[in-house]
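Peer 1: Please work from the sequences and hints to get the whole structure.
Protein chains in written order, with my numbering: chain A, 48 to 271; chain B, 48 to 271; chain C, 48 to 271; chain D, 48 to 271.
Certain hints may be false.
Because identical chains share one entry, a pair is satisfied inside a single copy or across any pair of copies.
As the list claims (entries may be wrong) - Think about it this way: if two alpha-carbon atoms lie no more than 27 Å apart in a straight line, the pair counts; the simulated DSS-like pairs of lysine-lysine are:
| hint | residue 1 | residue 2 |
| --- | --- | --- |
| 1 | K76 | K207 |
| 2 | K207 | K256 |
| 3 | K169 | K104 |
| 4 | K76 | K104 |
For the record, the hints were derived by calculation from the structure and aren't laboratory data.
Protein chains: 4
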Amino acid sequence: MGIQERKEREGERRRQQIIVAARRVFSIKGFNKATMEDIAGEAELSPGTIYLYFKNKDELYASLSLRILQYLLIRLQHVNSEKIKSPEKRYAALTRAMIDVYEFDSLMLINMFNLQTNETLKTLTPELLSEIKMLSCKSIEEISLIFDQKTSDEVLSGCKSSMLAEIFWSVFSGVVLFQESKKSVLGEDKVFLQKTLATAFEIFELGIKDSLSRQQSEKGGLQS
Amino acid sequence: MGIQERKEREGERRRQQIIVAARRVFSIKGFNKATMEDIAGEAELSPGTIYLYFKNKDELYASLSLRILQYLLIRLQHVNSEKIKSPEKRYAALTRAMIDVYEFDSLMLINMFNLQTNETLKTLTPELLSEIKMLSCKSIEEISLIFDQKTSDEVLSGCKSSMLAEIFWSVFSGVVLFQESKKSVLGEDKVFLQKTLATAFEIFELGIKDSLSRQQSEKGGLQS
Amino acid sequence: MGIQERKEREGERRRQQIIVAARRVFSIKGFNKATMEDIAGEAELSPGTIYLYFKNKDELYASLSLRILQYLLIRLQHVNSEKIKSPEKRYAALTRAMIDVYEFDSLMLINMFNLQTNETLKTLTPELLSEIKMLSCKSIEEISLIFDQKTSDEVLSGCKSSMLAEIFWSVFSGVVLFQESKKSVLGEDKVFLQKTLATAFEIFELGIKDSLSRQQSEKGGLQS
Amino acid sequence: MGIQERKEREGERRRQQIIVAARRVFSIKGFNKATMEDIAGEAELSPGTIYLYFKNKDELYASLSLRILQYLLIRLQHVNSEKIKSPEKRYAALTRAMIDVYEFDSLMLINMFNLQTNETLKTLTPELLSEIKMLSCKSIEEISLIFDQKTSDEVLSGCKSSMLAEIFWSVFSGVVLFQESKKSVLGEDKVFLQKTLATAFEIFELGIKDSLSRQQSEKGGLQS
DNA sequence: AATGAATGAGGATTCATTCAT
DNA sequence: TATGAATGAATCCTCATTCAT
Numbered sequence: 048m049g050i051q052e053r054k055e056r057e058g059e060r061r062r063q064q065i066i067v068a069a070r071r072v073f074s075i076k077g078f079n080k081a082t083m084e085d086i087a088g089e090a091e092l093s094p095g096t097i098y099l100y101f102k103n104k105d106e107l108y109a110s111l112s113l114r115i116l117q118y119l120l121i122r123l124q125h126v127n128s129e130k131i132k133s134p135e136k137r138y139a140a141l142t143r144a145m146i147d148v149y150e151f152d153s154l155m156l157i158n159m160f161n162l163q164t165n166e167t168l169k170t171l172t173p174e175l176l177s178e179i180k181m182l183s184c185k186s187i188e189e190i191s192l193i194f195d196q197k198t199s200d201e202v203l204s205g206c207k208s209s210m211l212a213e214i215f216w217s218v219f220s221g222v223v224l225f226q227e228s229k230k231s232v233l234g235e236d237k238v239f240l241q242k243t244l245a246t247a248f249e250i251f252e253l254g255i256k257d258s259l260s261r262q263q264s265e266k267g268g269l270q271s
Numbered sequence: 048m049g050i051q052e053r054k055e056r057e058g059e060r061r062r063q064q065i066i067v068a069a070r071r072v073f074s075i076k077g078f079n080k081a082t083m084e085d086i087a088g089e090a091e092l093s094p095g096t097i098y099l100y101f102k103n104k105d106e107l108y109a110s111l112s113l114r115i116l117q118y119l120l121i122r123l124q125h126v127n128s129e130k131i132k133s134p135e136k137r138y139a140a141l142t143r144a145m146i147d148v149y150e151f152d153s154l155m156l157i158n159m160f161n162l163q164t165n166e167t168l169k170t171l172t173p174e175l176l177s178e179i180k181m182l183s184c185k186s187i188e189e190i191s192l193i194f195d196q197k198t199s200d201e202v203l204s205g206c207k208s209s210m211l212a213e214i215f216w217s218v219f220s221g222v223v224l225f226q227e228s229k230k231s232v233l234g235e236d237k238v239f240l241q242k243t244l245a246t247a248f249e250i251f252e253l254g255i256k257d258s259l260s261r262q263q264s265e266k267g268g269l270q271s
Numbered sequence: 048m049g050i051q052e053r054k055e056r057e058g059e060r061r062r063q064q065i066i067v068a069a070r071r072v073f074s075i076k077g078f079n080k081a082t083m084e085d086i087a088g089e090a091e092l093s094p095g096t097i098y099l100y101f102k103n104k105d106e107l108y109a110s111l112s113l114r115i116l117q118y119l120l121i122r123l124q125h126v127n128s129e130k131i132k133s134p135e136k137r138y139a140a141l142t143r144a145m146i147d148v149y150e151f152d153s154l155m156l157i158n159m160f161n162l163q164t165n166e167t168l169k170t171l172t173p174e175l176l177s178e179i180k181m182l183s184c185k186s187i188e189e190i191s192l193i194f195d196q197k198t199s200d201e202v203l204s205g206c207k208s209s210m211l212a213e214i215f216w217s218v219f220s221g222v223v224l225f226q227e228s229k230k231s232v233l234g235e236d237k238v239f240l241q242k243t244l245a246t247a248f249e250i251f252e253l254g255i256k257d258s259l260s261r262q263q264s265e266k267g268g269l270q271s
Numbered sequence: 048m049g050i051q052e053r054k055e056r057e058g059e060r061r062r063q064q065i066i067v068a069a070r071r072v073f074s075i076k077g078f079n080k081a082t083m084e085d086i087a088g089e090a091e092l093s094p095g096t097i098y099l100y101f102k103n104k105d106e107l108y109a110s111l112s113l114r115i116l117q118y119l120l121i122r123l124q125h126v127n128s129e130k131i132k133s134p135e136k137r138y139a140a141l142t143r144a145m146i147d148v149y150e151f152d153s154l155m156l157i158n159m160f161n162l163q164t165n166e167t168l169k170t171l172t173p174e175l176l177s178e179i180k181m182l183s184c185k186s187i188e189e190i191s192l193i194f195d196q197k198t199s200d201e202v203l204s205g206c207k208s209s210m211l212a213e214i215f216w217s218v219f220s221g222v223v224l225f226q227e228s229k230k231s232v233l234g235e236d237k238v239f240l241q242k243t244l245a246t247a248f249e250i251f252e253l254g255i256k257d258s259l260s261r262q263q264s265e266k267g268g269l270q271s
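Peer 2: Next up, the structure:
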């Protein structure tokens, strides 16, 4: 048992070793220009070894997303598990969670966003694909839940909260990707992503609050 | 001259023919998996012919972005040229412009957002790259100007309006990309992108308004 | 039309050029040890060109069999079309046909026999596979027909003639392969295959004749 | 010594274990497509272990032939050692021996026939190669001897009997391989190989008898 | 003796790009 | 200008074999 366990842990370490190398190489060279040999070299392994842990290049790339998605989901579930009553505090916790995720591994986060609108998805193992889908859906649902709880006492339907969740997620991904693109296109050196994110979330929060209060008084607005 | 002109116009038609085909193929297969032969087949031309009009695959891909960026800039400049006084109406015009751009060619728009954090950028001709940068920057500036005019009479600094512009841009791209990713990852069939976009902009607008009014009274908040 | 035609003929020439090279290389190095680069080199083409005419290595290998199978079928159909009355002469024509096929291209013939009991079959295009099956079946049927006509006036059922055809075919392939193996295993230099084949066919003929005459008198023997 | 012996016996058991697994895998996937890992898995051993018992893949494959060849030779020697006088009974014993060999291990038999015209031969150790050659030659010689004895009192030269032996061998291998190919190419489900073999041998026997009797009377025919 | 993770050379295949027509 | 056959470098991936444990 102890041996079995140690071996599995050893294998997991290898996987991480490869993932770390792949992350570095992919983020420098991009998916297409990065070769498996590059990654093997970065991981100080031979190319063949990578294939002991990942079926092919596409799956290796997609696996990068998995870790950040897992972290994201755990972080969001944690927010919900705290059963925060005040909507404002719940929203603040959500915002904090997203920024945490970003800080946890921004490179992988960007990889993930790229993956999601990418041809690579179409060539993945069904297992990996459904794992990614499952994690994505669950995360959106958790965000939705945060908004749902928040707005349940404020007369907003569930359908509305899922849309809020999607928009919130969009704002997040949009800001992250835009900041990334600024580096390459707009030539900005220092990126104040956190500040921008915080501002974006703040604007978003204010907007929702206002929307809610208007709905209470007018029973109109966003529902249409 | 007449002949010269007709030839040029003929050439421009060919370029468009190729661009249209490339747009279709790229949006179905993605940049990496799409081959020049695919595109040539779609355009009912031979591979060699494409190289008479585009230096290589990367430039062809980048050209797709160029057209939409040009349209975007023109649309934004038009908003500003109208010298709308009321901040609310100016914001509404901006929102309308963005949705126009989206409807003009959503496929290319998505391509462009992908391009920005993509390896493709790294291999472009300097001319094309700077063209893209220039258009992107100008567009952001135009948006910034819209917010600037809006808020100039509302005690917000220029730095603030450029950040608003960036966040607005992020929200836009985030929503567009998220809707795209929903198709492939989340498995949604019908996508109500326009509605989502409208809602996102509405929330954003409410948030900004609230932020502004709070600033007036408290002289705090977002500036920090 | 003339241009179209010339191009097609040009393409067919290329195919033959590749097939000839492949035949040489496969027969020297065997399937596994022969590389596509070897074949390309032998054909004085680049590796990529081969893939314009053959889907992959397996299909190229299988295509070698196609030509000999086609020749075989035509040769057998010709025998049947001659409507030879005398059973002895019909059998002689069959024997001659088989030896012709062998002389036409013995290397390809051996390749074909190897192919038939080979894993390669499992990875072919359905089209190519069914082409091979069709040709094989038709050839056996033609042989069967030769025996059928021969024995129709000799009280043998169709089932019997198809078995005769299979055994005849087996004798043929067995002799060919054995002679080939003698080269590599038994170290024989000069191969008297024709003589051996002729003898085998002669023995086979005598055996059938005898069998038939016995059946007539005894109504027993082979049918059981 | 006791320990030594037990170890050797243990080792021999392992060899057999591997051979049995290899036979299965090779016959399902063929030589090229079968991997050492496949075989190791089938034998419930690790890849490394196989290399303790067999020098490499080629030798393992060749070893499969060795066993059947050894069995064949013993069986044929047994026929000759019986000193059967009647030519008919000797021939019947030969036929019985061949069918025995087929039944002993048809999979390996087919493998062996494939081996003979295969690239594999070219990479064997000289020792193994000469072992195979030796067994093959001896077997042919034994068959030849059976015919020789048969025909010695029937005025046929030794050259003639060796040719008979080769043809007999060819008929045997041809029928076996053809039946195998029927499975994959002709799509037959039930294979009446034994019956076909019996028929083929019967035809062959009748042919030889007839040939011999004709020779006696005419002093012509096959000798040429 | 047995393992099985790691190796890395080797080969099939692809595809952007060219160029003779 | 247009073609599309040909190219061949580049790269993914396999798998027989090894060797430290």
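Peer 1: All the hints need checking, so say for each whether the structure fits it.
Peer 2: Against the structure, the hints come out as follows:
For the identical chains of this complex, K76 and K207 are neighbours neither inside a copy (40 Å) nor across copies (33 Å), given an alpha-carbon limit of 27 Å. Proximity of K207 to K256 under the C-alpha cut-off of 27 Å is found in both arrangements, the shortest distances being 14 Å within a copy and 22 Å between copies. In this homomeric assembly, K169 and K104 come within 27 Å of each other (Cα to Cα) both inside a single copy, at 13 Å, and across copies, at 21 Å. Taking identical chains as interchangeable, the C-alpha atoms of K76 and K104 lie at most 27 Å apart whether they share a chain (14 Å) or sit on different chains (17 Å).
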